[in-house]
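Chains as they are written, first to last, in the working numbering: chain A, 1 to 283; chain P, 1 to 311.
Hints are computed from structural coordinates only; laboratory data are not their basis. Treat the hints loosely; a few may be bogus.
Unchecked claim - Just the calculated beta-carbon pair ranges, DEER-fashion:
no., chain 1, residue 1, chain 2, residue 2, range
1, P, Gly-74, A, Pro-186, 50 to 60 Å
2, A, Lys-163, P, Arg-129, 24 to 34 Å
3, A, Pro-186, P, Leu-44, 11 to 21 Å
Quick reminder that beta carbons are idealized off the backbone N, C-alpha and C, glycines included.
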Amino acid sequence: MWALRLAAFISVITTISIVVILIKESIPFFREIPIWDFLTGTSWTPNFVPANFGVLPLIGGTLLVAVIAGLTAVIFGLASAIFLSEYAPDKLRRIIKPILEILAGVPTVVYGFFALTFLSPQLQKIFPEMIVFNALSAGLVMGLMIMPMISTLSEDAMLAVPKSLRDGAYALGATKFEVAVKVVVPAALGGIVASFILALSRAIGETMIVTLAAGASPNLTFNPLESIQAMTAYIVQTTLGEAAHGSIQFQTIFAVGMVLFVMTLVMNIIGRIVVARWSEKYE
Amino acid sequence: MSTTADHNEIAEAASSGASPQPPRARHDRNMRFRKVRDAFFYVLFVSSILVGIGALAVLLTDVFIDGFRFLDIGFLTSFPSRHPEESGIRAGLIGSLWVIGMTALFTIPIGVGAAIYLEEFAADNWLKRIIQLNIANLAGVPSIIYGLLGFAVFVTAFGLGRVVLAGALTLTLLVLPIVIIASQEAIKAVPDSFRAGGFALGATRWQVVKTIVLPQAIPGIMSGIILAMSRAIGESAPMIAISALVFLTFSPAGPFDRFTVMPIQIFNWAAEPNHDIQDVAASGIIVLLVVLLTMNAGAIYIRNKFQKRRE
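Here chain P stands alone, though its shape is the one from the complex (with noise of 0.2 Å):
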């Protein structure tokens, strides 16, 4: 009964009943039968990592084989032309940029705010309950939903128009979730005894949320807004029902005015027939994922600079 042998014996003598052959032979095989088994699935669980991992590499290898062909300053420059080498992703990213910054305006104090008043001031009740289910519920809303939402209500009840509003205002329905869920986690993260001590001192609620609980969260709430942020830079299909612009020579200058985003442009550049305008889609997917690039890297710096202050 020592051995892990005589386990297996038992267990199978147990479960086969008689056998011709003697034990130890049927033990010696089936245990290399195991052995054998666990190194094939062994394999075959780290490729399937290989293969995820893998699927990345290509598609970026493709998508800047693709893309070098028309990438330079031009690019960034110019407005969309039928000729490739003169076409640009400029109205794209600079609708791109009033987009993303609008949302952001409008998000941080709605998301931050939200998450506040249910994590420090809601009482523990059934509409708290309600609210966060129905959070969690708009986190999984198909994005192309919020599109028809923004266009029935901002674009068209609203009266705004297909403008860089409507689209900012459409998009921060889109991430508040994010937002929220992120800074309530980064607000509950911060010990209980913090507060105690904040109110022992004799401050108010709003005191300790705003000198004691905010400070410490800060960096877990930066994570939240940068990531819903990036989201929303490369959303496409709610853009498109907001603005249904693909092919726009001119870029916004203000918040009424009509835009077009980058996700847009790529869709509509990739959506050609023509190869040569499919590279210029690539060209643009690379500008996208260098500003996403930019922002996740300005994130972990901000983390990093917080969270050393902090120690």
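One chain only, chain A, in its complex shape (with noise of 0.2 Å):
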């Protein structure tokens, strides 16, 4: 018994550490730096001299590649879920389901090599003028990867919307496309809503893309053509290299972990929230 119930806080327990890890290993960093000047400062250069050591380049890279990515799947993944949710007839469903999951089982590291090596030199030939590591691959990549999130919880919200509302749209009339997109969508919406946060907190935390294909040049831009550095590519780089054990360069992964750690808990948390106050509506 005692067992059982040490399995179940160990979940408790690896929060508690991350909170701990990041708060004491950042420690260090913040007595350098002032957390005011690492959140507000527009240079990150590490292992300059001097060194800079303002992160907004970093998030600005994270976030530029996961608009990219929200954006595509949050099209295509929408479009796909108001398909299979009220277009497919079951059993084309039950064939396309599984096929769009396998989607979200491929490692990451493959969709990475796929951006690296397929997409982006594809899209030079669209943009000549545009580098091998980009934004722009990294993100339709990711997209694809989060696309099958965003049809999947979309579709049951969707799918969670009773008949009835369907039936009183098309006995005054409409068209199964008004039905879909005037009557079904809305009332699906805090669903889809919650969907799409969930996918973008994926996104940002998503690592061999961006470490792989969106390159390794901290760079604050909304240009979708240049290369950027990510958060987690960042962690990557520098667990990678050289910087020693207890140096600032490496003190500095802990304070950029906190960053997405926070980012992507209060994204997750928004998403629950919406997802519980529209799910009191129709139960």
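Using the hints, put the two chains back together into the complex; each one sits in its own frame.
If you want it as structure tokens, here you go:
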């Protein structure tokens, strides 16, 4: 019995450890660099002299890729969800859903490889001035990765919309498209928004696609054709690099990890609140 | 009032007010527009799905075309090399099998135990709600954060070093939420009448769990475990933080050996500017995907076998 209880408590211990480790390991860093300078600085050059530790370029890089991914995934994911929930016969849905879910099971390093060695060279034919490491191809491929998340969660939300709402709209003479877009989607909007937030949070925390394909140049830009560096990619680069354990360069990964942890946690909590608010309506 | 056309005209008249056109003509044109719009969006929705499926097909085709060049038995039995045709994934393959094996060893008892505790024993109070909320939150923590945690706790504080055991413990924490949530769902799906039947025969709670609930829940639990292991075997970021090795010319022989895993090797090859070495990465991806596919096929087989026995 005590063993079972301990097993359940390991999850609580894990959370506490994450918070403690991130705080403890980044305290020495924040003694050197005031937290305000870290959060508002626009230059990230930890390995240069003089070193700058403004995290905004890393956050900007992360968000640029995540927004591209989010837009791609919400367009295709939502359209897929509408098709699966409102149009597809049951048989077809049972074939298509597992295929889409394969996309969510492909290891991220495979997506990174795909973005770097296939999509980037293809996109370079359209944008000849673009270098091979860029935010656009990383974002598009990441969109492909999170699309099944949006389509599955949105479809669940749409399937939960009572049939009577659809019937009511049909009785008023609405067409299938009008029922789907003017009745079902608004009724399921909470679930759809939540799926978008959760997918965006996944995109922010994703590591291998941005490490392989988005570049390693911390660069505060809104231009998707440029090379950037995401927070996760910076952490990987530093763990692989020569930064000595205990040096300020090494401590940065915990400070950056803290920003990443807080951002994804807040988004996940918001996503869950949205789901909870919305599901009360029909139950 | 009996046809939908009437409804539309009434609605139209109400919304647009007076108009120079006769209502019937306006209605026909409006209806034609709505039908065209319906067809247009139908095509758009279908093509969205096709984009997703098509992209998956392109991805797999691209990997297989690139990867077949260097894929042979030698690829499985060789260590990485500067020469693409001599390079192999042996260190990563054996490392992955070690790490996943040990991860399963830790994850299965802890994950299933936690699920049994939460579903069958824990009182429904604030403490259970906190644990539940906490598990849901952990499932959303980026995997690289687990890498930092594993590095600081297992590698440094426990003094294990960058070894197989540290990697396996890190992956255990990473996939535990998946196993716990899936096992809870499977246990929840066992009807309460089954438990009541056991209690009526005088069984203790523990006997009911062991002889009635668990056998019924096993297929669902198994699927969750395999899903978690598939996730674990494809994880790169936390393994890079633990292992930090990308070029390893020996394979681990025990839990306290240094190691690399397949995704790290693939990452390293893919990051090389040399196109031949990038093709070696594709060969590595094929091996990784074959291992994943085998695991999932195994999961389906186990599930079917258990389900048949139940009927």
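Each hint tested on the structure:
no. : hint                                : in the structure
1   : P:Gly-74 <-> A:Pro-186: 50 to 60 Å  : holds (59 Å)
2   : A:Lys-163 <-> P:Arg-129: 24 to 34 Å : holds (33 Å)
3   : A:Pro-186 <-> P:Leu-44: 11 to 21 Å  : holds (19 Å)
Checked against the numbered hints given earlier, the structure satisfies every one of them.
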